[in-house]
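Just so you know, the protein sequences line up as chains A and B, in that order. So the first sequence is residues 237 to 337, counted in the working numbering. So the second sequence is residues 237 to 337, counted in the working numbering.
Think of the hints as simulated: they come from the structure by calculation, not from any bench. There may be inaccurate statements among the hints.
[What the hints assert, rightly or not] Cross-link-like lysine-lysine pairs, in silico, DSBU-like; alpha carbons within 35 Å at most:
#1 Lys304(B) x Lys313(A)
#2 Lys325(B) x Lys301(A)
#3 Lys301(A) x Lys313(B)
#4 Lys258(B) x Lys313(B)
#5 Lys304(A) x Lys313(B)
#6 Lys313(B) x Lys325(A)
#7 Lys325(B) x Lys313(A)
#8 Lys304(A) x Lys325(B)
Chain by chain, the residues:
Protein chains: 2
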Amino acid sequence: MQNIRDQMPDACLLYDTAELFKMFGDSTRIQILSALMICEMSVGDLADLLGMTQSAVSHQLRLLKGGKLVEARRQGKQMIYSLADDHVKTIIGQGLEHVQE
Amino acid sequence: MQNIRDQMPDACLLYDTAELFKMFGDSTRIQILSALMICEMSVGDLADLLGMTQSAVSHQLRLLKGGKLVEARRQGKQMIYSLADDHVKTIIGQGLEHVQE
DNA sequence: TTTTCATTTGAATAATTGTTCATATGAGAT
DNA sequence: ATCTCATATGAACAATTATTCAAATGAAAA
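Using the sequences provided together with the hints, build the complete structure.
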């Protein structure tokens with residue numbers, strides 16, 4: 237029962253991990269990520285699919301991009317967003333699994 | 237490229253999953269959970285360990301308990317909290333792994 | 001170049017949320 | 001019953017955050 241802090245992950249690491257989970261902890265963002273798990277998509281397509289304004293979707297995509305969870309490429313006039321990482325699928329999968337019980 | 241919604245998890249399910257991740261998406265709560273991953277502990281011990289007030293810890297434990305992530309038992313005057321589920325370890329583990337790169 | 005379409009950005013607003021402080025509850029000890 | 005000790009609770013406050021609206025940027029078409 238001695239020093240528990242030594243056995244815990246570093247505080248900074250935990251902070252970053254919390255920041256990561258914060259990304260998944262919002263209805264809009266997790267819907268966006270779920271959609272992108274099926275296939276890459278433009279901002280407008282996402283907005284139509286989820287029934288939200290382009291602006292709202294764009295703001296959230298900005299955060300997700302900042303968190304390196306999605307990446308974007310330009311295709312003519314539109315921006316196509318896709319998952320940055322297979323880790324994203326794994327994490328959402330774990331969450332879904334835990335909830336479905 | 238047809239109906240993507242049909243391939244996505246149900247909206248309610250995604251909502252619940254977001255709620256789950258919200259629990260991990262806070263510095264204080266993830267620290268509490270990390271500590272409880274090492275060993276079960278009283279509210280006061282957690283407060284001392286993390287350098288926060290008992291009240292703040294108690295409030296967060298209430299949320300974690302509501303989310304079925306921790307459970308409590310009484311031991312004399314104190315309440316001993318522990319992880320409710322091994323799933324919690326798995327999920328935090330995934331998050332830590334993703335961050336450490 | 002001007003126009004149009006898709007996206008981004010910034011400011012404002014509304015809503016949620018974490019912490020603090022003071023008080024209440026609850027259990028064991030005196 | 002009273003007195004501690006440990007925890008829980010509620011209200012107030014501060015801070016963060018998601019959405020909306022309006023305007024700006026950027027790229028392709030006319």
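Checklist entry - Can the restraint linking Lys304(A) and Lys313(B) be considered satisfied, given a maximum Cα separation of 35 Å? => result Violated. Lys304(A) to Lys313(B) sits at ~46 Å, over the 35 Å cutoff.
Item to check | Satisfaction of hint between Lys325(A) and Lys313(B), Cα-Cα up to 35 Å | outcome: violated (44 Å)
Next on the checklist: What's the verdict on Lys258(B) and Lys313(B), does the C-alpha distance respect the 35 Å limit or exceed it?
Outcome noted: holds (31 Å)
Checklist entry - Between Lys325(B) and Lys301(A), does the CA-CA distance stay at or below 35 Å? => result holds (27 Å)
Checklist entry - Taken at face value, is the distance from the CA of Lys313(B) to the CA of Lys301(A) at most 35 Å? => result violated (48 Å)
Next on the checklist: Hinted pair, alpha-carbon criterion (35 Å max): Lys325(B), Lys313(A). Please report holds or violated.
Outcome noted: Cα-Cα ~44 Å, so violated.
Item to check | Pair hint Lys304(B) and Lys313(A), alpha-carbon separation not exceeding 35 Å | outcome: violated (46 Å)
Checklist entry - Are the Cα atoms of Lys304(A) and Lys325(B) separated by 35 Å or less? => result holds (23 Å)
Hints 1, 3, 5, 6, 7 from the list above are not met by this structure, while the remaining hints are.
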